[in-house]
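Sequences are here, hints too, so could you generate the full structure?
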Amino acid sequence: MIEEHDKQEILYAKDTYQGSDLGVTIESGFCQFKVWSPDAVQMDVLLYDPSTIEVPGGEEGQRVVSKEIPMQKQEQGIWFLKLDGEWDGYHYMYRATFKDGRQETAVDPYARAVTMNGEMGVIIRLEQTNPEGWNQDVRPELKSPVDAVLYELHVRDFSIHPSSGMMNKGKYLAFTETGLRDSEGNTLGIDHLAELGITHVHLLPVFDFATVDESKAGDSEFGGSEDSSYNWGYDPLHYNVPEGSYATRADEPGTRIREFKAMVMALHQKGIGVIMDVVYNHTFNTADSSFEKLVPGYYYRQNADGTYSNGSGTGNEVATERPMVRKFIMESVRYWAEEYHIDGFRFDLMGLIDTTTMRELAAELHEHVSPSILLYGEPWAAMESPLGERMTLKGDQNRAGLAVFNDNFRGAIKGDSDGAEKGFATGAEGKEEDIWTGVRGAITDFTAGPSETVNYVTVHDNLNLWDKVAHTQGIEEQLGFISYDDEGHVRGYDSVERAVQDANPYGQIDPNRMLENEMVRRCLLANGIVLTSQGIPLLAAGDEFLRSKYGDANSHESGDAVNAIRWEQKQQFKPVFDYYCGLIRLRREHPAFRFRTRDEIDKHVHLLEQDKRLLAYELSGKAVGDSWSRIIVIYNAANESRTISIPSGVWNVVAERGQAGLDTLRTIKDGEVSVPAVSLMVMYSKG
3 MIEEHDKQEI LYAKDTYQGS DLGVTIESGF CQFKVWSPDA VQMDVLLYDP
53 STIEVPGGEE GQRVVSKEIP MQKQEQGIWF LKLDGEWDGY HYMYRATFKD
103 GRQETAVDPY ARAVTMNGEM GVIIRLEQTN PEGWNQDVRP ELKSPVDAVL
153 YELHVRDFSI HPSSGMMNKG KYLAFTETGL RDSEGNTLGI DHLAELGITH
203 VHLLPVFDFA TVDESKAGDS EFGGSEDSSY NWGYDPLHYN VPEGSYATRA
253 DEPGTRIREF KAMVMALHQK GIGVIMDVVY NHTFNTADSS FEKLVPGYYY
303 RQNADGTYSN GSGTGNEVAT ERPMVRKFIM ESVRYWAEEY HIDGFRFDLM
353 GLIDTTTMRE LAAELHEHVS PSILLYGEPW AAMESPLGER MTLKGDQNRA
403 GLAVFNDNFR GAIKGDSDGA EKGFATGAEG KEEDIWTGVR GAITDFTAGP
453 SETVNYVTVH DNLNLWDKVA HTQGIEEQLG FISYDDEGHV RGYDSVERAV
503 QDANPYGQID PNRMLENEMV RRCLLANGIV LTSQGIPLLA AGDEFLRSKY
553 GDANSHESGD AVNAIRWEQK QQFKPVFDYY CGLIRLRREH PAFRFRTRDE
603 IDKHVHLLEQ DKRLLAYELS GKAVGDSWSR IIVIYNAANE SRTISIPSGV
653 WNVVAERGQA GLDTLRTIKD GEVSVPAVSL MVMYSKG
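Residue numbers (my numbering): 3 to 689.
Bear in mind the hints are in silico, worked out from the structure with no lab data behind them.
Note that the structure is a prediction, hence the values are computed from the model and not measured.
Glycine included, C-beta positions come from ideal geometry on N, C-alpha and C.
Be aware that one or more of the hints could be misleading.
DSS-like mimics (lysine-lysine), calculated; alpha carbons at most 27 Å apart, straight line [unchecked claim]:
1. K671 with K624
2. K396 with K145
3. K36 with K75
4. K75 with K16
5. K84 with K101
6. K605 with K688
7. K84 with K36
8. K688 with K145
9. K688 with K624
10. K36 with K329
11. K624 with K145
12. K671 with K614
13. K576 with K605
14. K145 with K605
15. K605 with K671
16. K688 with K671
17. K75 with K329
18. K16 with K272
19. K36 with K69
20. K84 with K329
Restraint-style ranges between C-beta atoms, simulated for each label pair [stated by the list, open to error]:
21. E591 with D139: 20 to 30 Å
22. P577 with L610: 27 to 37 Å
23. K75 with G181: 53 to 63 Å
24. T54 with W136: 30 to 40 Å
25. N514 with G476: 19 to 29 Å
Spelled out as structure tokens, the structure:
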């Protein structure tokens, strides 16, 4: 019996297009259109002169069609049109006619520029969108994925708050603003990222998504209308076009492209790579999507009864295993890597992308674009999928040039994601063995080597780190954290903004004894484990100054009041920031924290002691040419100090009591050490 998800592959096997020129190609004196729609009996290109469109973003009837031109049917399901003349700037749509007389008008799925809110495709010369110096832009080299320190960030969150000091608030161009400092002289914006020491900014979705009204996002004012100005962006509309709400002019098709490139170039000039969070597992629309309009039934998986399957939990899932869908994804990702100089891709719900697609994608990018490109994703789905055994889950990334989020390690460190359950760093017993497994790059769990695990505690989903620690301490109400009823309204308040104003997330901290605060120490321990473990570390933006989302565990549309990064907290929690800087520098300058292979970890990472809420181990730096021949790392998650035996010799302590870096804080010679409560200690010996 043929499964429903296999029928479409068989049906369209002869119509799989082998070329790489779908969409619009512009040459001197002409442009050509190619679209794949094997079931259509007629296809027309509708051209619109932009000067005749009186109402930007208006209804179809308010647009004047300049030309309706029939396309020619070719082999492999392709419709083709070559137009002589100069058509740069014209808007266009495809109109497909099917056997039953039904007509569908759709935006080109391969469109590389669109009008405001993505309502029409735009013919554009991409070379004219390059900012000055773009052709000399060079992506930062990455010798191994474990050399990366990732930093997950939302474009609007980065700059929208008044304390950011940035002119282009909520925009791509905010990343181009250098030299900004607060009243105490602390760096802000992109200079802050460089000072922190991260290697890559992982941006939440920046392709064109559906739920933000680009016509209302132009003012970029803090606290704008939540329903029109804010979303994380996991609702894809046009995969090959930058989101317009982050541009200074969403109504000028080239502006978003030019400003996106300027952002990438500015980060590259600071030595920071750019990773895109991509959502190829589902689309915002199903029946109304361009995919479904042009090739009904092909791009989405179906259940046995023919209904759309819903492994994404959003109403559909893209059928990545079908040849033309796989082709679209591979060409789309490569387009971003080449046209926009993107340095890596994080795949949302990667479990819904078949393993063949992921493996072929990694091989192509690393061979034909750059071996420095990072590829990683979530090795799970939201709900059950008919993809079954072809899903990309933990273990399927083995030796494929991919990494996956290590939720096993995440849970061991902090506990559950939204509740009060504790992990090692938040006070639970019995997690030591799971921590030891994660510390060694999960090589005894699901990886073939440390470059296949992304180690993290929190990201945009669920409670962020400060709020999670508060929940484990049972003081969320005391801190005034917000909560929502079943209808999505804030309990006890008429607005999110008012609830945030009344919250006091740092009420437990004595500014003069900040590093003695238990919540602070648990946060530092949690990400301290991440930054000293083998694998690829990932931090959530703002952790370096105790960012809170006021207890909001799903802030995808909660607006600026909850999500904006408050830059005044850098000075407020400067010792915390300094600690993160020190640990990141420690990691980046000492290769013993970045072993490349399973064999190296097996030979050179040794357990010293494992006890309740305690783990101590030694790294052999000499084996990889580290200037520190031997390194000891100790995690004490207990509420009291612990004394443990260490190998004899002279040991230089470089991290303890909320201080970290390359400088020696004190020296130990007596063969044992006292480790303060809820803390991380790192020491080295040159002998």
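A quick look at each hint next to the structure:
no.: 1; hint: K671 with K624; verdict: holds, 20 Å
no.: 2; hint: K396 with K145; verdict: holds, 24 Å
no.: 3; hint: K36 with K75; verdict: holds, 10 Å
no.: 4; hint: K75 with K16; verdict: holds, 15 Å
no.: 5; hint: K84 with K101; verdict: holds, 25 Å
no.: 6; hint: K605 with K688; verdict: holds, 19 Å
no.: 7; hint: K84 with K36; verdict: holds, 9 Å
no.: 8; hint: K688 with K145; verdict: holds, 26 Å
no.: 9; hint: K688 with K624; verdict: holds, 9 Å
no.: 10; hint: K36 with K329; verdict: holds, 15 Å
no.: 11; hint: K624 with K145; verdict: holds, 20 Å
no.: 12; hint: K671 with K614; verdict: holds, 26 Å
no.: 13; hint: K576 with K605; verdict: violated, 38 Å
no.: 14; hint: K145 with K605; verdict: holds, 22 Å
no.: 15; hint: K605 with K671; verdict: holds, 26 Å
no.: 16; hint: K688 with K671; verdict: holds, 13 Å
no.: 17; hint: K75 with K329; verdict: holds, 20 Å
no.: 18; hint: K16 with K272; verdict: violated, 48 Å
no.: 19; hint: K36 with K69; verdict: holds, 17 Å
no.: 20; hint: K84 with K329; verdict: holds, 23 Å
no.: 21; hint: E591 with D139: 20 to 30 Å; verdict: holds, 26 Å
no.: 22; hint: P577 with L610: 27 to 37 Å; verdict: holds, 28 Å
no.: 23; hint: K75 with G181: 53 to 63 Å; verdict: holds, 57 Å
no.: 24; hint: T54 with W136: 30 to 40 Å; verdict: holds, 32 Å
no.: 25; hint: N514 with G476: 19 to 29 Å; verdict: holds, 25 Å
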